[in-house]
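2 protein chains.
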Amino acid sequence: MITGKNYIGNDLSAKGNKSYRTFNPQLNIENETTFSEATSAEIGMACDLAEKAFHSFKTCSGKDKASFLNAIADEILALDDELIQTYCSETGLPEGRAKGERGRTVGQLRMFANLVEEGSWVEATIDTAQPDREPMPRSDIRKMLVPLGPVVVFGASNFPLAYSTAGGDTAAAFAAGCPVIVKSHPMHAGTGELVASAIIKAAEKTGMPNGVFSNINSSGIDVGVQLVKHPNVKAVGFTGSIKGGRALYDTASQRKEPIPVFAEMGSINPVIILPEALKNRTDSLAKTYASSITLGTGQFCTNPGLLLGIKGENLTNFIHSLSNEIVKIEPSCMLHPNIIGAYENNRKNALSQPELNVVADYQSNVQTNYARQTVTTVKDSTFLENPTLHQEVFGPYSIVVQCENAEQLEIIISRLEGQLTGTLIADNDEASNYPEVISALQNRVGRVIFNGVPTGVEVCPSMNHGGPYPSSTDSRFTAVGIHSIKRWVRPFSYQDWPNELLPNELKNENPLEISRLINNEQKTAKI
Amino acid sequence: MITGKNYIGNDLSAKGNKSYRTFNPQLNIENETTFSEATSAEIGMACDLAEKAFHSFKTCSGKDKASFLNAIADEILALDDELIQTYCSETGLPEGRAKGERGRTVGQLRMFANLVEEGSWVEATIDTAQPDREPMPRSDIRKMLVPLGPVVVFGASNFPLAYSTAGGDTAAAFAAGCPVIVKSHPMHAGTGELVASAIIKAAEKTGMPNGVFSNINSSGIDVGVQLVKHPNVKAVGFTGSIKGGRALYDTASQRKEPIPVFAEMGSINPVIILPEALKNRTDSLAKTYASSITLGTGQFCTNPGLLLGIKGENLTNFIHSLSNEIVKIEPSCMLHPNIIGAYENNRKNALSQPELNVVADYQSNVQTNYARQTVTTVKDSTFLENPTLHQEVFGPYSIVVQCENAEQLEIIISRLEGQLTGTLIADNDEASNYPEVISALQNRVGRVIFNGVPTGVEVCPSMNHGGPYPSSTDSRFTAVGIHSIKRWVRPFSYQDWPNELLPNELKNENPLEISRLINNEQKTAKI
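These protein sequences, in sequence, are chains A and B. Mapped onto the numbering used here, the consecutive letters of the first sequence carry residue numbers 1 to 527. Mapped onto the numbering used here, the consecutive letters of the second sequence carry residue numbers 1 to 527.
Check each hint, because a few of them may be wrong.
It does not matter which identical chain is used: a pair holds within one copy or between any two.
Said to hold, decoys possible - Derived DSS-like pairs: lysine-lysine, alpha-carbon spacing no greater than 25 Å straight-line:
| no. | residue 1 | residue 2 |
| --- | --- | --- |
| 1 | K507 | K279 |
| 2 | K52 | K15 |
| 3 | K279 | K18 |
| 4 | K526 | K287 |
| 5 | K526 | K18 |
| 6 | K256 | K311 |
| 7 | K205 | K52 |
| 8 | K311 | K201 |
| 9 | K229 | K311 |
| 10 | K52 | K311 |
| 11 | K243 | K52 |
| 12 | K52 | K287 |
| 13 | K99 | K523 |
| 14 | K243 | K328 |
| 15 | K523 | K256 |
| 16 | K229 | K507 |
| 17 | K523 | K311 |
| 18 | K311 | K486 |
| 19 | K348 | K18 |
| 20 | K63 | K486 |
| 21 | K379 | K279 |
| 22 | K99 | K348 |
| 23 | K229 | K287 |
| 24 | K523 | K287 |
| 25 | K379 | K58 |
Think of the hints as simulated: they come from the structure by calculation, not from any bench. Being a predicted model, the structure only gives us computed values, none of them experimental.
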């Protein structure tokens, strides 16, 4: 049952006077539950509990953390249809998507459970003593990764499960040994509370300390800022807009003790279509991209918002074909009236730019909160000179830039802001003729895709989801996959520390049987 | 020969009107060479050359980068006595120290050469395609670490070689594939220019692109700020004061495109002496710590500036013994009149605090620029209430805090600012009786030492040199050892990329024979 209250540690709490509701965009009505905005006292209590919980949670064994993570996954599944129905009523997304995202979320939790149960992720590094070394003896030094402390997680509007309450940021933080305080996303506060209840149940069942998790309601920005400013908070995870992510980054950087913020923000995900591919696959590419641009009503952070080609008959044919294909697709619902409102505004602003041609615009009337997919085109110099055209229009919108030649293509790519992904569409050996274009693309993105679409972010160790600013605030980390745990940990060294006082990861006898770098050799042996 | 000019890429340049000289603190006179402060045009040119150099340097093979790094080491050694004499004349440090630090610097360069020649450091991670997976096929995805781009390095006053021009930050950045622009430290600009000439020679001999390195002179702060603000610069390394490091961090955070700053800053390196140890080893501990506090005139970032014990006869005896020992040590020269000036000011300020007792102060007259070693003591509550007493007094100064009991000891530790190191002095099984003290210490530091001294930072894979703010701006990285390369790299993924276009690190045939994580298994096999 959804109560509308905050979870301050294990306890439900609603001490504030401000409240808000979520919205069903398909029915165009508010949902029933009233959510109570957290007060400063509730925020303070969540932060104090998190700090206290950290003292025991930080030394929790990998096995115990794995039990906790697996229990969260189990409890999420146990929410069953209530979760799916709440998700749909707060997003307008279809059931299939809700179930798919639940699967991804549960999969991520179990992936981190496996990681910490095995244990080698701590990068144990040992250099044994050399008492006879000249001119100075060498100490015994042993290093491993340890958790930073309490982490605040801001969920994403477009992924109520996989990038929110028990999403990738939270799962990685728990795996690292960091308590988590989630600032619940106001558009799906009910879904958030249900998942929070699953986390609390799992924490209680597996004996985790009170305060290992809190769920804070708020529809404004002030509560989030208070959380980021709290001295007990040691890191921040965020998925959302550039404006929101940058504001939190600035707040965190200006603290007396600055803390790291990993914000995954906007991206227009450039797609380069080389001439041979354009010629040989005009219609199939058009179909593929019409589908990728409108997937999930264009509400993916890897949505292809920018297509680049070299001008000529082939590009003209492709644009024509893309326009035909995209208007064939039935419009779909956006997440919230605010989201469709922003889409319409940004789209209108883009369309009002000089020398921009609208080549596809869904003509018929659409239902309230449904988005009209749109494709525009410009020439290279117009695009280069107008920064407005580089900005993301979050939704089913894409712009095709017609470049004079390969040199112009390279210049445009090199002047793009940082992006999550870049895609290259090429035939046979064509790509090897464009080394400068590929090199420029690699400098601006976190992941390159060959002959595919950027939408779809596989959860696997080799995935990088992040990239140069503003696609993320720190390109040195990924938000997806096992290595995303590195955002929440720091190296820590023990020098000449007694074996019995060392953590198990670093003890001579290697009781966890993990892989360690010992005197520059990677092995699972004892010392 | 020292020219006093900047290196803008491979060329010597002195277009500015402002100039300055270095100072010999032993002789108390200015050194001869006049150094030309870089102009905005020279800064801009260095940044443009670095950006251009990055396009080829980023794809430079590990073998070629190793040749470059080894050649730098060779050229530094070839500078021979000119380097040692210049070093001594600009720091007042003895020849033995100069030679030791040169050895450390050369050793670090060769360590990174070995790392990149072997090649596995890129953390190659491969998940092969699963075309038949249901409900969706899985793409082939391959990830590795790639360089961020040009890095600006600010050298340290107290390590003209190992943490400056070709020191750890620069060596790690080159190893990563990042061009480096050094903002030369004005106190040892001659040493800096000599080392810069060695880097330039090595770059030319091993065919590195012009712009892979520049050396920028300046005695003020404006040039450094210009460098950090330049859009071509993608990361910053700094070793020095909290004030200086924080100013650069703020500048970098406020850029339109924020960039990471790794600043290793101040630390008072708390040392906890437990009661049994205090009782059994009073005199030997006093000798050891008198020596550690005054080592290098207290000018190490790991200098023990804070000793903590539980009050009583044993602590009183220790303080007495430490006082006797420390005044026996002959005072020594500090690096520069500004450094001794700051030491005298900070010391005076500390000594003027209420309820502080001076227990050792070198009484005889000392030579100009020589420091008077000082030990003070306070009770726990005085220390807790007065933040001035928590501040570093850079030089041979230490304060002994007499705690009421173990609880007070824990409280004091938990309220310390972040530190590079924390040391525990304990006898036999004594340490296991203080789990809360040890836990609190671990939260505040980057490295713990058992029954040793914090001075002396071994260069090895297991070393962490860094820690919670303000000992560094980002505790997630170390400034020393092979893993310090991670400050300058980011993960990058290739999805379905053609094998022939992949970098060697990720090709099926594994031509570099590096260790890779393939479908969750670490191995050197081909695919």
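Go through the numbered hints given earlier and state which of them the structure violates, listing their numbers in rising order. 1, 3, 4, 5, 6, 8, 9, 10, 11, 12, 13, 14, 15, 16, 17, 18, 19, 22, 23, 24, 25
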